[in-house]
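One letter stands for each residue in the lines below.
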Amino acid sequence: MLKILEQIGRYTLLMGKVFSRPEKMSIYRRRIVREMEALGLDSIGLTAIISVFIGAVITLQMSINLESPFIPQYLIGYATRETMILEFSSTVVALILAGKVGSSIASEIGTMRITEQIDALEIMGVNSASYLILPKIVATVFFFPFLAILSILIGIAGGYAISVLTGIMIPDDYIEGLLYDFRPYSIVYTLIKMAFFAFIITSISAFFGYYAKGNSLEVGTASTRAVVASSIVIMIFNLILTQILLI
Amino acid sequence: MITAEHISKSFEGHTVLDDISAEFETGKTNLIIGKSGSGKTVLLKSLVGLHPVDSGTIRYDDTDFTALGFRERKAIRRDIGMIFQGGALLDSSTVAENVQLPLDLFTEQSEEEKRARVEFCLQRVRLRNAGGLYPAELSGGMIKRVAIARAIVLNPKYLFCDEPNSGLDPQTSIVIDNLIHEITHEYGITTIINTHDMNSVMEIGEKIVYIHEGRKWWEGTKDDILQADNPELNAFVFASAMAKRARANVFSGR
Ligand SMILES: Nc1ncnc2c1ncn2[C@@H]1O[C@H](COP(=O)(O)OP(=O)(O)OP(=O)(O)O)[C@@H](O)[C@H]1O
Ligand SMILES: [Mg+2]
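Chains X and F supply the protein sequences, listed in that same order. Residue numbers for the first sequence follow my numbering, so the first one is 1 and each next one is one higher. Residue numbers for the second sequence follow my numbering, so the first one is 1 and each next one is one higher.
There may be inaccurate statements among the hints.
[Unchecked claim] Selected chain X positions facing chain F (in silico; Cβ < 8 angstroms):
1. Glu-6
2. Thr-115
3. Asp-119
4. Ala-120
5. Glu-122
6. Val-126
[As the list claims (entries may be wrong)] FRET-style restraints, in silico, Cβ to Cβ:
7. F:Thr-15 / X:Arg-10: 17 to 27 angstroms
8. X:Gly-214 / F:Asp-91: 16 to 26 angstroms
9. X:Arg-30 / F:Gln-227: 52 to 62 angstroms
10. F:Asp-91 / X:Thr-224: 13 to 23 angstroms
11. X:Lys-3 / F:Thr-15: 22 to 32 angstroms
12. F:Ala-136 / X:Met-235: 36 to 46 angstroms
13. X:Thr-224 / F:Ala-136: 21 to 31 angstroms
[As the list claims (entries may be wrong)] SDA-like, lysine to any residue: derived pairs with alpha carbons at most 20 angstroms apart:
14. F:Lys-74 / X:Ser-130
15. X:Lys-24 / F:Arg-71
16. X:Lys-24 / F:Lys-157
17. X:Lys-213 / F:Ser-10
18. X:Lys-24 / F:Phe-70
19. X:Lys-213 / F:Gln-85
20. X:Lys-17 / F:Pro-52
21. X:Lys-100 / X:Glu-218
22. F:Lys-74 / X:Gly-125
23. F:Lys-74 / X:Met-25
24. X:Lys-24 / F:Glu-72
25. X:Lys-17 / F:Arg-73
26. X:Lys-17 / F:Glu-72
27. X:Lys-24 / F:Leu-90
28. X:Lys-24 / F:Asp-104
29. F:Lys-74 / X:Phe-19
30. X:Lys-24 / F:Gln-109
31. X:Lys-24 / F:Phe-106
32. X:Lys-24 / F:Glu-111
33. F:Lys-157 / X:Gly-125
34. X:Lys-24 / F:Gln-85
Rather than coming from a laboratory, the hints here were simulated on the basis of the structure. Beta carbons: idealized from backbone N, C-alpha and C, even for Gly.
Go ahead and model the full structure; you've got the sequences and the hints to work with.
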């Protein structure tokens, strides 16, 4: 328990260093663009593949389990949409990204630590924490919400595709369900959540990398810890944010 | 000139540097030698402020470096170049970007000026047409050269090298040593080099500090190191068969 508190303290100090005034804006701008490519664009494929299958499976499950004359078919489209928007495209996608992006951030920064690249930056008078971590945070906080939108759209399309392909339900009913009782606020809720999750994944993973020491084995350990810790924190914040934003 | 006065450093109760005092002279290649684990890297990193010392004073010419805060140190950092044991080039940047980074950070030069300076420094370390390569595509010797180019791009007054020729063959080692030696004299830099390579010592050891178990054991020049009567130093100096033979010659010639 004491250890966790100590970690939280060190994490907070590191974030203080990350957000202390950056030195030269022009350098950061270039790095942010690069990180958007590396952490955001490169995650589109994974997000899309997972979303299309989940959308299809949700639709399939719903139609199998809700096969009853008393339940109107359009509710299946409605349920797919709500599941995608409210939980899947933010929380589950965030967990998946914690695995992909989180481990890559932790091992990248961890490797820089043990090969003295961070020392080299410090020698040049660079605030290495800010230089390395801030662009990643900015890039993911802006880009991940876009991935959530993408995931919603593709998931819903997956549901539509499965209903056309299998004929398990009438596609028009599915569409009707999609439009039923649509509240734009739930999208806002998802975007806010995703921005939070992006911050959690990036900052926690960077933290574990930044304080890695020893050899490449320990960089591996740091990257595993990063994924575990950010996943847990995501789940905790999912609960807190849902409480604050929806109720 | 860089002066260390009574500096000590320990990690979690384990003393690594014990009351070290030394002067490193301007325009010369000053060597810190010692066995693996003797504390050379920690000493070098303490001198540049990467490890805060527990006690003692470090002076850069007339400035008390240990008394400065992070912001004030930045002015001195501009005058410091450092070559790390493994090169420490940024993996995600090309050779040219690595060398250019200090210029980006510290100067307001135009892109062309910067590019010209990078080109000049890469030529100075005899690397041409390598600007577009990534560190993963370089040999060990090339990495060291790029690290030297990056370290000298801002015309430093102080140059620190942590085992600049570790992992290189003897011939390439001498090329790198001579390059650092040349640059030191050309620009009148205060250069401090960590090494456990006796070849380097005999080649460029204008001022030598011998560290043993965190303490300064001996200091002098390459000309008196063979005659020194310090048993630990002798064991270090004459460890290799070749050096033993050289020693036999020295003593028979006397
Ligand atoms: N960050 C650190 N934390 C704790 N102990 C350290 C740290 N850095 C170095 N040490 C310890 O300090 C001692 C000296 O290490 P140092 O790296 O200075 O040796 P060295 O002389 O440079 O050796 P080599 O020639 O192998 O590079 C070692 O016992 C090492 O375990
Ligand atoms: Mg060392």
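Evaluation of the provided hints:
1. This hint is violated: X:Glu-6 has a C-beta 15 angstroms from the nearest C-beta of chain F, more than the 8 angstroms allowed.
2. Annotation: X:Thr-115 was flagged as interfacial toward chain F, and the flag holds, the nearest CB pair being 5 angstroms apart, inside 8 angstroms.
3. Because the beta carbon of X:Asp-119 sits about 5 angstroms from the nearest beta carbon in chain F, less than 8 angstroms, this interface hint is met.
4. Of the supplied interface hints, the one on X:Ala-120 holds, with its beta-carbon coming within about 4 angstroms of a beta-carbon of chain F, less than 8 angstroms.
5. A distance limit of 8 angstroms between C-beta atoms decides the matter here; for X:Glu-122 the minimum to chain F is near 6 angstroms, and the interface restraint holds.
6. Against a cut-off of 8 angstroms between C-beta atoms, the interface hint on X:Val-126 holds, since the closest Cβ of chain F lies about 6 angstroms away.
7. Distance hint check for F:Thr-15 and X:Arg-10: the Cβ-Cβ separation is about 25 angstroms, which falls inside the suggested range of 17 to 27 angstroms.
8. Checked against the hint of 16 to 26 angstroms, the pair X:Gly-214 and F:Asp-91 passes, with Cβ atoms roughly 18 angstroms apart.
9. Look at X:Arg-30 against F:Gln-227: about 56 angstroms separates their beta carbons, and that is inside 52 to 62 angstroms.
10. Distance hint check: the CB atoms of F:Asp-91 and X:Thr-224 are about 21 angstroms apart, consistent with the given range 13 to 23 angstroms.
11. At about 26 angstroms, the beta-carbon gap between X:Lys-3 and F:Thr-15 stays in the expected band of 22 to 32 angstroms.
12. The hinted window of 36 to 46 angstroms between F:Ala-136 and X:Met-235 holds, with their beta carbons roughly 37 angstroms apart.
13. In this structure the supplied range 21 to 31 angstroms holds for X:Thr-224 paired with F:Ala-136, their Cβ-Cβ distance being about 24 angstroms.
14. With a CA separation close to 16 angstroms, the supplied pair F:Lys-74 and X:Ser-130 stays within the 20 angstroms bound.
15. For the hint pairing X:Lys-24 with F:Arg-71, the CA-to-CA distance comes to about 15 angstroms; that is within 20 angstroms, so the pair holds.
16. Distance hint between X:Lys-24 and F:Lys-157 is unfulfilled; the C-alpha atoms sit about 24 angstroms from each other, more than 20 angstroms.
17. Only pairs whose Cα atoms come within 20 angstroms are accepted, and X:Lys-213 paired with F:Ser-10 is accepted, the gap being roughly 17 angstroms.
18. Distance restraint check for X:Lys-24 and F:Phe-70: the Cα-Cα separation of roughly 17 angstroms lies within the 20 angstroms cut-off, and the hinted pair is therefore satisfied.
19. Of the pairs offered as hints, the one joining X:Lys-213 and F:Gln-85 holds, with about 16 angstroms between alpha carbons and a cut-off of 20 angstroms not exceeded.
20. The hinted pair formed by X:Lys-17 and F:Pro-52 meets the criterion: a straight-line CA distance of about 18 angstroms does not exceed 20 angstroms.
21. Taken as a hint, the X:Lys-100 and X:Glu-218 pair is honoured in the structure, with Cα atoms around 18 angstroms apart against an allowance of 20 angstroms.
22. For the suggested pair F:Lys-74 and X:Gly-125, the alpha carbons sit about 5 angstroms apart, so the restraint of at most 20 angstroms is met.
23. The suggested pairing of F:Lys-74 with X:Met-25 holds, with an alpha-carbon distance near 18 angstroms, which does not exceed 20 angstroms.
24. In summary, the hint linking X:Lys-24 to F:Glu-72 is supported, as the alpha carbons are separated by about 17 angstroms, within the 20 angstroms threshold.
25. With a C-alpha separation of about 17 angstroms, the suggested pair X:Lys-17 and F:Arg-73 falls inside the 20 angstroms cut-off, and the hint holds.
26. A threshold of 20 angstroms between alpha carbons decides the hint, and for X:Lys-17 with F:Glu-72 the separation of about 17 angstroms falls inside it, so the pair holds.
27. At most 20 angstroms may separate the alpha-carbon atoms for a hinted pair to count; X:Lys-24 and F:Leu-90 meet this at roughly 19 angstroms.
28. For the proposed pair X:Lys-24 and F:Asp-104, the alpha carbon gap of about 9 angstroms is at most 20 angstroms, so the pair holds.
29. With a C-alpha separation of about 19 angstroms, the suggested pair F:Lys-74 and X:Phe-19 falls inside the 20 angstroms cut-off, and the hint holds.
30. At most 20 angstroms may separate the alpha-carbon atoms for a hinted pair to count; X:Lys-24 and F:Gln-109 meet this at roughly 14 angstroms.
31. Distance check on the hinted pair: X:Lys-24 and F:Phe-106 sit about 9 angstroms apart at the alpha-carbon level, within 20 angstroms; holds.
32. Among the hinted pairs, X:Lys-24 with F:Glu-111 is consistent with the structure: their alpha-carbon atoms are about 15 angstroms apart, no more than 20 angstroms.
33. With a C-alpha separation of about 15 angstroms, the suggested pairing of F:Lys-157 with X:Gly-125 holds against the 20 angstroms cut-off.
34. A C-alpha spacing of about 28 angstroms is found between X:Lys-24 and F:Gln-85, which places the hinted pair above 20 angstroms, so the restraint is violated.
In terms of the numbered hints stated before, the structure departs from hints 1, 16 and 34, listed from lowest to highest.
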